[in-house]
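Peer 1: In case you want the letters, here they are:
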Amino acid sequence: MIAALMTKKEWITNNVRRKNLGAHVLGVTAFAGGHIAVHWLMPSGQVVQDNWDMHGLEFPSLTVELPEMAWDEREIHDVFGYRPQGHPDLRALVRNPRWPDEFYPMAGLNAPQKPPWREVAPNNPEQTVEGEGVTIMKVGPTHAGIIESGHFVFSIIGENILHLDLHLFQNHRGVEGQLQGRLIGSVAPLISRICGADTVSHQTNLAMAVEEMAGYQVPDEIKWQRILLLESERILSHLNDLAQIPAGVGFSVANQKALTMKERWQRGLTVIFGHRLLFDTVHPGKSLAMDTAALGALITQLQREWRPWRSLVQGHHGFQDRMKGVGMVRQSDALRFGGQGVVARASGLTFDARQLMPLYHGWHVDYASETSGDVSGRFKVRLDEVEASWRLMQGVLQRYQIHSALPFWEPPTDLIGQAATFSESPHGLNAHIVAVDRGKVIRYHVRSGTFRNWPLLSKAVAGNAVGDFPLINKSFELCYSCLDR
Amino acid sequence: MGKSIQVLQLRHVDAGSCNGCEQELTALGNRFYDMQHSGIDVVASPRHADGLVVTGPVTDTMKRPLMQDWDAVPEPKWLIALGDCAAGCGVFQGAYACYSGVASVRPPDLVIMGCPPLPQDILRQITVWRKTLD
Ligand code: SF4
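So the sequences go chain by chain: A and B. 1 is the number of the first residue of the first sequence in the working numbering; add one for each residue after it. 1 is the number of the first residue of the second sequence in the working numbering; add one for each residue after it.
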């Protein structure tokens, strides 16, 4: 493909036009050798790509016009050393201050080596509010519970949060670097473990990328099993988050009962799919042996437990009041910052990537959406989505009667090509941008739903009491691992 | 070891996990496993903990906070590596921003393997190991 050279202005107007047409950004991906690609998921379901070839180390920033790109561009600046011209805030995001100056792990074609780190270096600069009576409160990176690591810098006045500056990427391992140069056929265990909460979604993206590059038509049996797995994961993750929200306000009964349902669901899934968190369950061109009758029975059992629990939490006025008006995300912010998943759907947006996934064509899904934008909205969306997922699974099970593993297809070992795949994970639109040459990964970029939602958490907590932070945070329940990689 | 403990109180530190190990550690608190009943608890501060339970391969960035937490635990104290990553045989081995497990900070007193380990295995291994402490 020969692309005419674009001017900086065209680059910006092109991308802004796509956003205005209602497209969702899948990823802003940098490649070694000075190339930037923005992949957009158009409302038609088509994936289109805008390309920018750099001369030197700079490229025009899109952040002023499209603030949702702010973190993507900061990440590129940190790990490639490419400079987004005109970016309003180029503080380090991923980059550790102890990395050596010339260390840009992703700038080369091969897996980067671990360099000697500086012993001491000042922390990355913080963004705080200054003024009389303003206190700075720092939390983390380690926390007072079983939580992933992240560092939060609050500017507070009295009880109220003025601003939250997020210092995440404490768990940055360098997964995308690790993937460079690996055989695409060998990366599945690593992709499966990018995130323990969205693993099926990540695995599905990988499988779809391989299948797309090979031009393989996926048989219905495999598609149906993938829907069952994706929905099983959504329920698992939502049950977990639905347990955490009451825990955030000390509503122990609701918390324990939801954790019990999660455990029962997990035990059932282990019998059916072989893993409590559904690791290593999706493979290109293959399906697992599964007992569909057992899955149907498991759903019925859980539904029986679910109904009284739903009445309990919805009928508890104290709990409902506690969630109302707390941690508001305005619809305009959700749209501007490219919010995804439950967070966006609780603020009046209706996008769910399943609407555009070919995998779900022909299936009826009841999509949830609320307009309140607060903790109660996010709680309610999850309630509705759990029930909708069960109904969808029951629909699939009516048609799906395969009981044995069917080794349909082996992917070729000399795969060449590029693919941008996406799915709706429990935390929103999850995209993989994959480039492979003769079976080896030359670039693997992961952009999960939580990446888009973290900046919105900052917006949601501003103006709330410090004491409500745990509740608001739990209502987002964003995974760090998906983000940090 | 000198300190006879009735309840083993642990502080959790995530040093680069995929959150799978956290989910299973959290599951120990549900009523199927009820770790408190077995005399195990996860506490809020290293200062009143008997030790640390660490998940993840230890990222470069988390190494220092992990050591600070370790230093804050009063003696005698114990270090538990939970999951393959922390044990030094996980999938993130060799990535440019992480070490290969808890042993790169300090040799752990107990290593619980699995990706993630099953909750009942975590419970059983801690229980068996504790008996060796008295
Ligand atoms: S051992 Fe497995 S489950 Fe635990 S953090 Fe590592 S990859 Fe995740």
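Hints were generated in silico from the structure; no laboratory data involved. Glycine is no exception: its CB is placed at the ideal position from the N, C-alpha and C atoms. One or more hints might be untrue.
[Unchecked claim] Each computed BS3-like pair below joins lysine-lysine, with the alpha-carbon atoms no more than 25 angstroms apart: (1) A:K440 <-> A:K286; (2) B:K131 <-> B:K77; (3) A:K138 <-> B:K63; (4) B:K63 <-> B:K77; (5) A:K114 <-> B:K63; (6) A:K19 <-> A:K9.
[Said to hold, decoys possible] Computed footprint of chain B on chain A, listed as stretches where at least three residues anywhere in the stretch have a Cβ under 8 angstroms from a Cβ of chain B: (7) 33-39; (8) 110-116; (9) 187-194; (10) 256-265; (11) 271-284.
Peer 1: Now tell me, hint by hint, if it's right for this structure.
Peer 2: Here's how the hints hold up against the structure:
Between K440 of chain A and K286 of chain A, the direct Cα distance comes to roughly 21 angstroms. Compliance with the 25 angstroms bound is thereby established for this hinted pair. Among the hinted pairs, K131 of chain B with K77 of chain B is consistent with the structure: their alpha-carbon atoms are about 15 angstroms apart, no more than 25 angstroms. Distance restraint check for K138 of chain A and K63 of chain B: the Cα-Cα separation of roughly 19 angstroms lies within the 25 angstroms cut-off, and the hinted pair is therefore satisfied. For the hint pairing K63 of chain B with K77 of chain B, the CA-to-CA distance comes to about 18 angstroms; that is within 25 angstroms, so the pair holds.
Restraint check for K114 of chain A and K63 of chain B: the C-alpha separation of about 15 angstroms stays at or below 25 angstroms, so the hint holds. In summary, the hint linking K19 of chain A to K9 of chain A is supported, as the alpha carbons are separated by about 16 angstroms, within the 25 angstroms threshold. Beta-carbon proximity to chain B at under 8 angstroms applies to 0 residues in the stretch 33-39 of chain A; the threshold of 3 is not reached and the given coverage is violated. Chain B is given as covering the stretch 110-116 of chain A, and this holds because 5 residues of the stretch bring a CB closer than 8 angstroms to a CB of that chain, at least three being needed.
For the stretch 187-194 of chain A, the assignment as covered by chain B holds, since 4 residues bring a beta-carbon within under 8 angstroms of that chain's beta-carbons and 3 suffice. By the rule of at least three residues with a Cβ nearer than 8 angstroms to a Cβ of chain B, the coverage given for the stretch 256-265 of chain A holds, with 5 such residues. Counting residues of the stretch 271-284 of chain A whose CB lies closer than 8 angstroms to any CB of chain B gives 3, which reaches the minimum of 3, so the coverage claim holds.
Of the numbered hints listed earlier, the single one contradicted by the structure is hint 7.
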